[in-house]
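Knowing the structure of chain A, use the given hints to seat chain B on it.
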Amino acid sequence: MSLNRLYNIFKSEPLERSDVEAYGRSEDPSVKNSIEQKAMDDSFDQDAMDGWEELSYDTSVMSNLDSKFAPSKGISPYKLIGGTAIVATTIVAVIYFSDRPKESTPVVATTETKEEAPVTKMNVIVLDESDVSLPEPIEQMKQAPKEEQVEAKQISKEFQDIVTFRTETPPVPIQELPVVNPIPVPKPEIVRDHKEAKEIYLHSMKLVDYRKYREKPQVKTKQLLLTGTPADKEGEYSEDEDPVWREVDVPYIDFIDKSVKVFERGNYKKALSRFETILETYPDDVNANFYAGICLFNLREYPKAIEYFENCMDGKFSNFDEEALWMTAESYDKLKQKSKAQTIYQTIADGNGFYASQAKEKLK
Amino acid sequence: MLFRKRITYHQLSDEELVSLYRDKSSSDIVGEIYKRYGHLVMGTCMKYLKNQADAEDMTMNIFEKLPNKLKNHSIERFKSWLYMVTKNECLMLLRKKGHASTEITKELEAKDELHLAEAKEIKYEMLEEAIQELKEEQRKCIELFYIESKSYQEITTLLKLDIKKVKSAIQNGKRNLKLTLEKRNEFKSAI
Numbered sequence: 001m002s003l004n005r006l007y008n009i010f011k012s013e014p015l016e017r018s019d020v021e022a023y024g025r026s027e028d029p030s031v032k033n034s035i036e037q038k039a040m041d042d043s044f045d046q047d048a049m050d051g052w053e054e055l056s057y058d059t060s061v062m063s064n065l066d067s068k069f070a071p072s073k074g075i076s077p078y079k080l081i082g083g084t085a086i087v088a089t090t091i092v093a094v095i096y097f098s099d100r101p102k103e104s105t106p107v108v109a110t111t112e113t114k115e116e117a118p119v120t121k122m123n124v125i126v127l128d129e130s131d132v133s134l135p136e137p138i139e140q141m142k143q144a145p146k147e148e149q150v151e152a153k154q155i156s157k158e159f160q161d162i163v164t165f166r167t168e169t170p171p172v173p174i175q176e177l178p179v180v181n182p183i184p185v186p187k188p189e190i191v192r193d194h195k196e197a198k199e200i201y202l203h204s205m206k207l208v209d210y211r212k213y214r215e216k217p218q219v220k221t222k223q224l225l226l227t228g229t230p231a232d233k234e235g236e237y238s239e240d241e242d243p244v245w246r247e248v249d250v251p252y253i254d255f256i257d258k259s260v261k262v263f264e265r266g267n268y269k270k271a272l273s274r275f276e277t278i279l280e281t282y283p284d285d286v287n288a289n290f291y292a293g294i295c296l297f298n299l300r301e302y303p304k305a306i307e308y309f310e311n312c313m314d315g316k317f318s319n320f321d322e323e324a325l326w327m328t329a330e331s332y333d334k335l336k337q338k339s340k341a342q343t344i345y346q347t348i349a350d351g352n353g354f355y356a357s358q359a360k361e362k363l364k
Numbered sequence: 365m366l367f368r369k370r371i372t373y374h375q376l377s378d379e380e381l382v383s384l385y386r387d388k389s390s391s392d393i394v395g396e397i398y399k400r401y402g403h404l405v406m407g408t409c410m411k412y413l414k415n416q417a418d419a420e421d422m423t424m425n426i427f428e429k430l431p432n433k434l435k436n437h438s439i440e441r442f443k444s445w446l447y448m449v450t451k452n453e454c455l456m457l458l459r460k461k462g463h464a465s466t467e468i469t470k471e472l473e474a475k476d477e478l479h480l481a482e483a484k485e486i487k488y489e490m491l492e493e494a495i496q497e498l499k500e501e502q503r504k505c506i507e508l509f510y511i512e513s514k515s516y517q518e519i520t521t522l523l524k525l526d527i528k529k530v531k532s533a534i535q536n537g538k539r540n541l542k543l544t545l546e547k548r549n550e551f552k553s554a555i
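Chains as they are written, first to last, in this note's numbering: chain A, 1 to 364; chain B, 365 to 555.
Just chain A, with the same shape it has in the complex:
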């Protein structure tokens, strides 16, 4: 069994630079252990890891050395130019021909443009709309002070806690559910045919995996392609085209991946604008509604946040119901609408969900 692992004691695997980097980034003990095992190989590895600890495992400090000893990861400058040229021409050709699909075949285009490409188009950087500017109303929002924010770290921890909680406490059968006091509920209870969907975690954030439920999910957005000529290659013959906004369809999973990453880093305005872009295509998207709600909560736009949390709960999937209901109550609480907040806290406390004990705490 695990004895097999004993052989690791005398196994020798090189400790690579990516390991150093990963060790600094990862919180996962098993990842850390596997790198520590590699570093146990000899004193050279161990000393190096000690040194990197003082540099916070940030290997980017070696960029000067890299450019001297391993220019472009060992590829000679000629190959680099050639390689970039081919990549650039391919990208340009693809974009060019996706706009005008019927003119000729892309293969011909690649050979045609190859000659001039190295001079005029070296790099292509793709910018999403949210990278450049945010809608005016979002731009003007103000971030809540740190202590009033619900940070990504906390949410992802609660996702995990809920999973553990559910496996430990099986749901009470329907008949035994406590009868809720007949306090008038502000909104009529909506009976929803609404089920748990398949989940996926990106950047340790829970998401409904819509790839299972939508055919080819894509998000319509605008992108800017920046093609630039490096200063030293600039000559009288090169002329940069003005970058143009293009309407593009980005695969849903890619778009939300970047959005969640932005969210996780605490850039709530940018994240919000991205989630709203998703909602333009899929108004009932529970992921976008939930995370947009959290962004708005952190931007102190509580009434709007409540709207999004309610949309999230009204959506087709129930994956975020517990969290969204809790956040709705928290938002009313922040708005000092005590009675509404109390009613919801009461509902949560009467259930036997993850937030029940916290809700009871609030009711005291």
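Please keep in mind that the hints were generated in silico from the structure rather than gathered at the bench. Even glycine gets a Cβ: it sits at the ideal position worked out from N, Cα and C. A portion of the hints provided could be inaccurate.
[Claimed, not checked] Stretch-level coverage of chain A by chain B, calculated; a stretch enters the list once three of its residues show a Cβ under 8 Å from a Cβ in chain B: (1) 28-35; (2) 42-53; (3) 64-71.
[What the hints assert, rightly or not] To be clear about the criterion: a stretch of chain B counts as covered by chain A if any three or more of its residues have a C-beta under 8 Å from a C-beta of chain A, and this derived list gives those stretches: (4) 394-400; (5) 407-415; (6) 423-432; (7) 440-452; (8) 502-515; (9) 535-542.
Chain B alone, transformed into the frame defined by chain A:
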């Protein structure tokens, strides 16, 4: 054509790379060595010099001098040779600055790993027995680290030991295991 050359460098062992460099000095070979060990040299310099700028200069210095050294030294095990060179250079600088009184290490570091051929002859039972013979602290640390794959941090918490102690217990435990196993192998082959 162009790519084949790189692939071959990539696949060569350190020692093969060094002997190839003696035949034809190519900066690509130094590049490959840098790729394999640059971060180890940099980290080690940082450990000894405690200063990022110095560590960077020193790493630069070591790799600049490397071509000459590769040609003029006979090198058996490249990695431990490079470790020795790195340490020496750092200690020399510290000495110049008047910080260090340490003797320059002339010996190569003892090999920590067993040769593969030897390792294959080791049976589970032997390894298990050898582990049981270790001192309590070393045994616990080795078991947690290698069998249960716990990180230093976790072991530190579990055993309520200082992280430095955990590291050295694993290191020393590993060395003791190796010694025990080597003794037994000798004994076996003597029969």
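Each hint tested on the structure:
1. 28-35: Our answer is that it holds, as 5 residues pass the Cβ test (under 8 Å) against chain B, meeting three.
2. 42-53: holds (count 11)
3. 64-71: holds (count 7)
4. 394-400: It holds: at least three residues are needed, and the segment 394-400 of chain B offers 6 whose Cβ sits within less than 8 Å of chain A.
5. 407-415: holds (count 7)
6. 423-432: holds (count 3)
7. 440-452: Held - the segment 440-452 of chain B has 6 residues with a Cβ nearer than 8 Å to chain A, which meets the minimum of three.
8. 502-515: Holds: 8 residues of the segment 502-515 of chain B have a Cβ under 8 Å from chain A.
9. 535-542: holds (count 4)
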